[in-house]
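Colleague: Residues per chain are reported as follows:
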Amino acid sequence: MNWPRALLTDSGGFQMVSLLHLADITEEGVTFQSPVDGKPMLLTPEDSIQIQNKIGADIIMALDDVVKTTTTGPRVEEAMYRTLRWIDRCIAAHSRPHEQNLFGIVQGGLDPQLRDICLEGLVARNLPGYAIGGLAGGEGKDAFWRVVAQCTAGLPEDKPRYVMGIGFPLDIVVCTALGADMYDCVYPTRTARFGSALVSEGVLRLTHAAMATDYRPLDSSCTCMVCKRYTRAYLHTLVTKEAMGSQLVSYHNISHMMQLSRNLHSSILEGRFPEFVQSFLQKQFPKGDVPDWVCNAMDVAGIDISMCRIPQSA
Amino acid sequence: MLGISPSMALRFEVLARHNRARASRLTLPHYEALTPLFMPVGTQGTIKGLTNDQLEDLDCQIILGNTYHLALRPGADLLDTIGGLHKFMNWPRALLTDSGGFQMVSLLHLADITEEGVTFQSPVDGKPMLLTPEDSIQIQNKIGADIIMALDDVVKTTTTGPRVEEAMYRTLRWIDRCIAAHSRPHEQNLFGIVQGGLDPQLRDICLEGLVARNLPGYAIGGLAGGEGKDAFWRVVAQCTAGLPEDKPRYVMGIGFPLDIVVCTALGADMYDCVYPTRTARFGSALVSEGVLRLTHAAMATDYRPLDSSCTCMVCKRYTRAYLHTLVTKEAMGSQLVSYHNISHMMQLSRNLHSSILEGRFPEFVQSFLQKQFPKGDVPDWVCNAMDVAGIDISMCRIPQSA
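Protein sequence lines correspond, in order, to chains E and S. Here the first sequence stands for residues 1 to 314, numbered as in the numbering used here. Here the second sequence stands for residues 1001 to 1402, numbered as in the numbering used here.
In short, the hints are calculated from the structure, not lab data. All values derive from a computational prediction rather than experimental measurement. Heads up, a few of these hints could be off.
Stated by the list, open to error - Restraint-style ranges between C-beta atoms, simulated for each label pair:
(1) E/S220 to S/L1107: 35 to 45 angstroms
(2) S/T1301 to E/A92: 26 to 36 angstroms
(3) E/K54 to S/G1390: 54 to 64 angstroms
(4) S/E1330 to E/P40: 22 to 32 angstroms
(5) E/D299 to S/Y1031: 27 to 37 angstroms
(6) S/A1297 to E/T71: 42 to 52 angstroms
(7) E/T223 to S/E1330: 26 to 36 angstroms
(8) E/G202 to S/S1354: 49 to 59 angstroms
(9) E/P40 to S/T1328: 28 to 38 angstroms
(10) S/R1278 to E/R125: 51 to 61 angstroms
(11) E/T223 to S/R1073: 22 to 32 angstroms
(12) E/K54 to S/E1330: 45 to 55 angstroms
All C-beta atoms in this analysis are idealised placements derived from N, C-alpha and C, irrespective of residue type, glycine included.
Using the sequences plus the hints, can you model the full thing?
Modeller: Now the structure itself:
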């Protein structure tokens, strides 16, 4: 693909479970129906790592036993312990440790005790980096931030921490405040294809009738090619009707996320992270209705956002 | 009856010739273009897959918009309010709009032509509607393109019988209505379209009538519709011979590089077609040797660029093998191959202009034909056309056994 920068590959497990019929997890691996000919197939931790070794990405992910966040009961514990057993098989199968970084994935659902056991087990393996998995799957926001906070507290200071499947700018800002470093999500490009643009104030629905005569750029503070060149009115005629609409809004949305990344890095680097968070929240919640979960998370993160919040009547 | 002589909003200067072929400068209200040139079709104000920045990078000079589609979305009145399509899509160069008639006839059920105009079923609510020459020109006045096309009565090239003659005479009557309805002759150039099917006598009558109206430019219409190549080039040759030397000549619906080279040799200047972008979406790339079908199994392990002589972004960055995985499966495939194909057409346009300008047009044509037909099997129709154009291509052709 002639991409000169870094690549990260996932293990393949999540797609199988979410996309394929009759996918089943056993101690051996993930059994599934081949989408090509319907025959039963198996993806083991060894298979996943071997394939990722061939793809050659800078960061590769362990095959983990991931359950839906809304799952309760013994399955969550089973998945957490299996993830630990599988990490050893992944480590053993990894043939290119000097070129590719194998990240372990912390599982354990929303149970702090299970998360602790998983954290301890993975940290003991002394991996190059760690991901916080099993979130972004329908859990409540309050449970979400608490798991992230617990995991970032339990992971080593000197290694990267990757929260998988996170893409809402607000979630990224909160997770960053709590100590995470890396994020991925289909959200920015997917929402673009549905005609939604990410802007400082939140989400701009370009399909809205009012957009038809709105000749401003998507985001007045954005300097990307799309905001320099096209108006909301023009994009309104394209979105959901012309491939070009998806293309242009995707371009802007990715630009938005990259600008967010740069802003997070430089505001922390320059000692003005709290100001950045405050400014971010004020633009997203101009009426001061910052959600409780954000306030609680920022408390734990030690960031004062009292000026962003106007007390809501009960 | 002579129409009033409309003002022109363009300047056309022939800079160099080789026999019938011309290299010219076409100065339009929004842009100074060099011809021969190919115009990509933007349908609704966007070339599928390409941003404005990319179109400028590729040196696109004039883009074509379809009046029918634009009138539906975003609508003529909205465009009028904002100051025209140029402003709306933020395209700083030239635009050309067609009359809307062709789309109606080809896309809609129950489209019917009467003396009044084109009656059709509204695609929005199914109600009967009418597009008259006056309507077409008014909509085009609101869209604001540098070149606008007369509403003509166009018949399928394969049509025979009295309908062809009827359509030709109606096209002449309608040009007067178009001229009368045109409210912005100092900003927009109304081109007439020569009809008459494949009948030389009808074509002559139409040519005479349109030339007498002293329009800023002329199109050769009613071709690229299934006629045999032999009939095709002869009509082009007749029309270019009958049109004024000092005005641009636009052959509508032509996009195969070979056709463009032949028509240029015969004296045409402008071309448009959906072909380059449409064929891209089917996985076909335009290259010096012809057409490269990226879906072919052999492409899976072919790590060369699309065209070794192409310097476009796609050829610099991506291999055939990579594009093979994308085409017909990922939108990105269409996008990248479209980009390359438009680049190819723009390079062809530049090559035609500069080879004529620099006095080496025959060499360019010979080299072009040798790459397209390495076995020497140049089709008869091309040979006959080049004869009339006065270009020697004997070295390109190895006599085929009967």
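Colleague: Please list, smallest to largest, the hint numbers that this structure does not respect.
Modeller: 5 and 12
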